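Protein chains in written order, with our numbering: chain A, 832 to 1110; chain B, 13 to 157.
Where hints are given, some of them may not hold.
Claimed, not checked - Calculated Cβ distances over 10 Å to all of chain A for the following chain B residues:
(1) I17
(2) N46
(3) E49
(4) T71
(5) E103
(6) K152
What the hints assert, rightly or not - Looking from chain A toward chain B, a few residues come up when the C-beta cut is under 8 Å (computed):
(7) P845
(8) E859
(9) F865
(10) L886
(11) D890
(12) K893
(13) F1107
Hints listed in this document are in silico derivations from the structure and should not be mistaken for laboratory results.
What you are looking at is a predicted structure, and each value in this text was computed from that prediction instead of being measured.
Note that CB positions come from ideal geometry on N, CA and C, so glycine has one too.
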Amino acid sequence: MEDIYLEFEFNVSPSEPWTDILIAELGEAGFESFAETETGVTAYIQKRAWKEDLLEAVDVLKSDLVTISYTQQEIKQVNWNEEWEKNFEPILVDGICSVRAPFHEKPDVTFDIVIEPKMSFGTGHHETTHMMIQHLLKNEWAGKKVLDMGCGTAVLAILAEMKGAQPIDAIDIDNWCYLNSIENAARNNCKHISVYEGDASLLERKSYDTIIANINRNILLNDMATYAACLEAGGELYLSGFYTEDLESIEKECNKHKLLHVEHIIRNNWVAAKFFKND
Amino acid sequence: MAKEISKVVKLQVRGGAANPSPPVGPALGAAGVNIMEFCKQFNARTQDKQGKVLPVAITVYKDKSFDFVVKTPPAAVQVMEAAKIKKGSGEPHIRKVATISWDQIKTIAEDKMQDLNAFTIESAMKMVAGTARSMGVKVKGNAPF
């Protein structure tokens, strides 16, 4: 579903301590995030979370000790990352896999992945993507049924297909990642990737030989039981998106579901770990 | 050599929940920063404060790199938590909505000391108590200073 945001620009006079109080109450009322301004604060809420009477619960707006006025407008989701995308550097992993934009020159490598990331995660620039690519490069994928959970740009799913995996399910909760994954899969002539928009609830009764998930600690811990349930015995699970200090809790949760630590890579304190499902 | 600063963006975003939507997207995107890189880092660093509104100051450099400092939740948010209320009073001087103790004020003041530009814990406590009163939250007992 497309995300439309509502922007409320509040002028607060006097600013102290009322801006702080306004932010606290707007936060409770359901506003998502804020930008501090010279004259107050600009607050953001998703249009689908907005209700006409929502501001009535914000009592500070009625206070006679402060004057607060506001204007509101709708903001359409556009590709805010365009400026960065115009001139980012291509990435080379272990000398044999590159991740680049269509405008970069075609490199002489075994795996040449072309990505237009827009606002999706996964260009190889981040440590976690880089390490997951390393795991993909050195392991066997031919004929494997693969799930790429939290696929972002689908860069890992695309590499899995290039390494012979099929079929591949790529899932992301964000609408723009879902759309972007479809585009990128087509851009790389992938034929075996199916993209879905949603969360772990889509995994009921599914079964995979290998699961890759570069998300974050909290979501991985929360969804571990689901991953374990749809992973075949002897299957492999690759996890990233967390720090070295989180590895212990991740491993503990894995062990609860018969997932055993095989190895992990560390880069700048980020981890990408490989687990094996014991039957 | 210190890197040249292009701009400093002050936002308040929920822990573990930064995404490229406004205000993060437009604020960082215009400066040429890789927005997704910021989101991944912010969410991992704030994963233990999932869902809490956290002030973050992002310094963007001329070379499009960035770094950021996450602060503890605003005093008003902490007062609401301590007083177990969802909102303050519309008539704070007449209608009180809750009470908190000087001990609770002190805990918040210690936490916010750096951000409040206060030189002493007493002055930080006065500022936090002022915020509480402005919300219609009564501070119990005599000031301990």
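Exercise. Close enough to count: is the Cβ of A:F1107 nearer than 8 Å to one in chain B?
Worked result: Nearest chain B Cβ about 25 Å off; hint violated.
Exercise. Taking the closest Cβ pair, is A:L886 under 8 Å from chain B?
Worked result: At 11 Å from the nearest chain B Cβ, A:L886 fails the 8 Å test, so the hint is violated.
For this session: Decide, holds or violated, for the assertion that all CB atoms of chain A are farther than 10 Å from the CB of B:N46.
Result: violated (5 Å)
Exercise. Does A:E859 pass the interface check with chain B, least Cβ-Cβ distance below 8 Å?
Worked result: holds (5 Å)
Exercise. Going by Cβ atoms, does B:T71 stay more than 10 Å from chain A at every point?
Worked result: holds (15 Å)
For this session: Would you settle whether the hint for A:P845 is holds or violated, based on the nearest Cβ-Cβ distance to chain B being less than 8 Å?
Result: With a minimum Cβ separation of about 10 Å from chain B (threshold 8 Å), the hint on A:P845 is violated.
Problem set entry | Cβ separation check - B:E103 to all of chain A, threshold 10 Å | violated (7 Å)
Exercise. Checking the smallest CB distance to chain A, is B:E49 really beyond 10 Å?
Worked result: About 6 Å separates B:E49 from the closest Cβ of chain A, which leaves it inside 10 Å; violated.
Problem set entry | Minimum beta-carbon distance criterion (8 Å), A:K893 to chain B | Cβ of A:K893 sits 4 Å from chain B, so the hint holds.
Exercise. How about A:D890: closest beta carbon in chain B under 8 Å, or not?
Worked result: holds (4 Å)
For this session: Examine each Cβ of chain A, and state whether all of them lie more than 10 Å from the Cβ of B:K152.
Result: Holds, because the least Cβ-Cβ distance between B:K152 and chain A comes to about 20 Å, which exceeds 10 Å.
Problem set entry | Consistency of the no-contact label for B:I17, given chain A and a CB cut of 10 Å | Check passes; 17 Å lies beyond 10 Å.
Taken one by one, the earlier hints fail for this structure at numbers 2, 3, 5, 7, 10, 13, listed in ascending order.
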